[in-house]
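Q: Sequence:
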Amino acid sequence: MFKSSTKFQLKLLVSTIVISVSSVSVADEYHYNNLLVGGEAVSLGGAYTALANDLSVMHYNVAGLSWVKRNKTASINTLAWERTDFEEVFTNGQDFNREAFSVIPGLFGVRAQSGKWSYAASIAATDFSKERTNQDVVYQAPDVGDGANQEVNEYVNINIDNSAYKLTFAGAYQANEQLSYGFGLSFEYREFQTIQGSGTQVTTLVDDVPVISGFDASRRFDDDMWILQPAIGFQYRYQQWRFGGQLSKDFTLSRDYQVTSNILVSSRQPLPDGVTPISRITANHDEEQDYPWHVALGVAHQFNQVLVSFDWHFYSKVENDEFYVDDIQTPITRDLNQVSNFAIGAKLPLSNKSALAFGVFTDNSNSEIDTTIDFQRVEDIDLIGISVAYEGQLLEMPFTVGAYHKWGNGKVRFADIRSVEQIVGLPLYPDNGNFDIAKATKKSFVVYLSLDF
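Numbered according to this note's numbering, the sequence shown spans residues -10 to 442.
Since no wrong hints were added, every one of them can be taken at face value.
Below are the BS3-like pairs computed for lysine-lysine, each with C-alpha atoms no more than 30 angstroms apart in a straight line: (1) K238 - K58; (2) K238 - K432; (3) K238 - K105; (4) K400 - K306; (5) K119 - K428; (6) K58 - K105; (7) K342 - K105; (8) K400 - K428; (9) K61 - K342; (10) K432 - K306; (11) K428 - K306; (12) K342 - K58; (13) K238 - K306; (14) K400 - K238; (15) K432 - K400; (16) K61 - K105; (17) K61 - K238.
No lab work stands behind these hints: they were computed from the structure.
Please work from the sequences and hints to get the whole structure.
A: Below you can see the structure in the form of structure tokens.
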């Protein structure tokens, strides 16, 4: 009789993860406040809706074009590192650790002005990250009564390549010295490619002869999307006060989702009838994901020498019918929770040409773990971040150099491992007794440079 509980023990999902620009990447589908853009905005923790200093206003509030003083901006997030830990996911209780280190381009924008009208265009890399994770654990399996000595090697391999590029055209009209209106239209291309695999190799000594058994499951995902994002905004200035707001929404123009699944099971004992020991499945879909309305409101005030800015970002709830990939049965669309994020920043001048800025912000999860959804894969980790920056001048050109750090903890559900079991017809992964939910932590660190000219 096939002893799946000892031959194929593995608690961690890998081969069936469905992550769109996620997992050790700068941008991910489980958060909205992924990547801060532009020197002024990043230094204030993203509290920038009511302000305007560089062309990153096209990312935060298009109405700010009327107040931009320089016609070109370049912002580079030069170094980015992120780590996500899933607690006690291997059979022996060991954590699974994922991390990546990337060099990430940011934003380049240009601006022109004609009377009360301002026009601008920008290109931004909202994601450009890679992950190469390879982790395994080796332990001696407990004796199951047959006297055989078993060494178990559980392993995980993850290769991920993410990229996303955003082209924005925007205009703003300055109605008077205090009020400005803006509009923008962005086209974003998102590409997510990954090969992920997991398995178990069991070495059993039979009459002092090693016999190898186990399983290997791997999948390749290619998910390409074109996104259209219209936006409208306003800014109002009164004495030392600044107010701003923007309304925007993402619309999926097209999607090409391809997946290939490979599974191989090997046992030193005969497998039961109805088991599929070898499987290769391919599928292609264009099911579109809906996205929320995004409302951003900001207020800023100059207190003597100190500038203080506050932002509130609201994302509406989105209900998507779960669309399951044929045969593999993992969902590629999902509901998105209503979420609010906050940011507050302050800037203290050091001289006429330099300043020190810092900010605090949230990056709350848009996800919800729902145990009624079959094969659900989702992270629910709320993050908090801090930023610090130095602003100065280099050859008469303003520049900003700084960094921000985010961290948080929550939970992850990896019930999509059960789709592998459904294909094979065997319980390959042990039941953790909690609907495949585990504790998780996430943290990231980004160093950046911004230059206006």
